[in-house]
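Engineer: For reference, the chains in residue letters:
Number of protein chains: 2
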Amino acid sequence: MEDRILLAHGSGGKLAHEIVNRRFIQALDNPILNPLDDSAVIQAEGRLAFTTDSYVVQPIFFPGGDIGRLAVCGTVNDLSMVGAKPLYISLAFIIEEGLPVADLDKIVASIKETTDEAGIQVITGDTKVVERGSADQLFINTAGIGAIPPDVCISGHNARPGDAVIVSGSLGDHGIAVLSQRQGLGFSTELKSDCAPLNGLIASMLAASRQIRCLRDPTRGGLASSLNEIAEQSAVSIRIEEDILPIHQDVAGACEMLGLDPLQVANEGKLVAIVAAADAEAIVAAMHNHHYGREAAIIGRVEAGHPGRVALKTRLGTSRIVDMLVGEPLPRIC
Amino acid sequence: MEDRILLAHGSGGKLAHEIVNRRFIQALDNPILNPLDDSAVIQAEGRLAFTTDSYVVQPIFFPGGDIGRLAVCGTVNDLSMVGAKPLYISLAFIIEEGLPVADLDKIVASIKETTDEAGIQVITGDTKVVERGSADQLFINTAGIGAIPPDVCISGHNARPGDAVIVSGSLGDHGIAVLSQRQGLGFSTELKSDCAPLNGLIASMLAASRQIRCLRDPTRGGLASSLNEIAEQSAVSIRIEEDILPIHQDVAGACEMLGLDPLQVANEGKLVAIVAAADAEAIVAAMHNHHYGREAAIIGRVEAGHPGRVALKTRLGTSRIVDMLVGEPLPRIC
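Keeping their order, the protein sequence lines are chains A and B.
Numbering of the first sequence is given in the working numbering, commencing with residue 292 and proceeding in unit increments.
Numbering of the second sequence is given in the working numbering, commencing with residue 292 and proceeding in unit increments.
Relax, there's no trap hidden among the hints.
Pairs count within a copy or across copies, as identical chains cannot be separated in the list.
Distance condition first, Cα-Cα at most 30 Å in a straight line; then the derived DSS-like pairs of lysine-lysine:
| # | residue 1 | residue 2 |
| --- | --- | --- |
| 1 | 397 | 305 |
| 2 | 403 | 305 |
| 3 | 305 | 483 |
| 4 | 397 | 483 |
| 5 | 604 | 305 |
| 6 | 483 | 403 |
These aren't lab readings, by the way, just hints derived from the structure by calculation.
Taking the hints into account, I'd like the entire structure generated from these sequences.
Structural biologist: Pasting the structure below:
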């Protein structure tokens, strides 16, 4: 075996079969993946969730995770945000010629560990290799399928005036952890990405109450984008309180230094939930019992009027509009 | 609107929403895509097929197609090769900063045209933008879901001695058409890629007979790889006849010139079928009535013994082993 990826590893010929059989199938082994027909075959019934994301994060290894863990969590979380139980994912690599095979092995091992944690299987995949300089190390696409329980109906369109707004924990950890690794931006921090599969946390929340109206994972664009999307889709306004927002010191400091708004920085293991006010305390209590929800907090409420507006009550008692990100201060954060 | 793609188009912020809403949703409009939650929600029952492929073809526009048409056809065909009726696909773009928006519009229009032809819907998607030099113009990933009728059981593991081997038409058109556009390789040809969705053709075949054991679309690695895969999975040998192989003059000439074996060159609108010998003529007759199967032909048969071996009877009456591609003479052909 070569120690770097060659163009021939993406050829559909002998080396391609070798890398698929020896590295991917062996690591990710399961009875649906193994037949290696042009499609995987599954049994399903009822309402299914289907989603996809490509991952181009740079660097591909970062504190708290890597592009493989990210690619599994991102798709698991997108399925979970409509209340689905994630079941299966696809895994497609675009590899730059010359990538060390050892790096690919580490990433495949991380994918296996994360799919085990989330309780899902990789059942189909693809490998393309492009010439040196035509991609940056490694891009991964995953698509996923999940099953939505019959009595669950979660959508960005369902927020109602009076509902409570919950976040599952501290904001901005992923974005700042990845940024801290960038050349020229390197700053010292103990901070790790929060990258995590949230399906277990959501299962605990749904066990506590079915009055969960909207779920979003505030990735690219941060909490600001997620809340603006919900406010627009549901034609409501949302008011949150700066005082209560869980933001780590390190993140607040880095954002100050870099001129970023922590509300616009990406998270990869957090969710925002809009829930019936009456059940909000019970849901937060359930979240506190789950390791990915220990810092969960009610941060605001949904209001009538000004459809699409998100406002923040600052520590000084004033109010400011929380807008979506304009421009792109953090390219390739996921 | 800018006339070139900016990093901010992949930010999850305002420009990202603009490009998604104004360009993608408007062009691909359908009731499952439109809610724009983190996952699309569908109803399903029974056996489903699930597959993915990334497309990195270069150039992104080529005679007979473009990367958009290719990305739809490839996934439609992979679903079809297990006998599934393709239903839904995901669409994920990785765009190099600076791509002309007009090029993206042309590709989205081509995607729309091809999904209409195949009778499927794009129901979820993703857009990432990377810095200039970190990708080559545009990569697309699609994943797809299809429904397998209850009485259909098609797999590379099902070939039996005595079965007939059918190809749906001329070999190597896609690979040579794309190669003809490469800088430095430019040669004059009228040849077009065969890039096409094959679900309609397969529906006609299944209407003629349910004794279809294996289907493959011979893309990367060509017919040689597909037949070697089937011979290995089914533990049989396969013998084909050079005389009968449908290969266009232009392709034969270009292969001669470039030192390529047309059996190892990619196709994107062809299939190879292993079928019960008794039904082979009826299946080929059904294929001749479909516009993507006019040149279909029985090219060989499955034999017992020498499991995994594919042999070609040459025009001279001698026999040669047809091996899988070694190395990669045609990078980024799909």
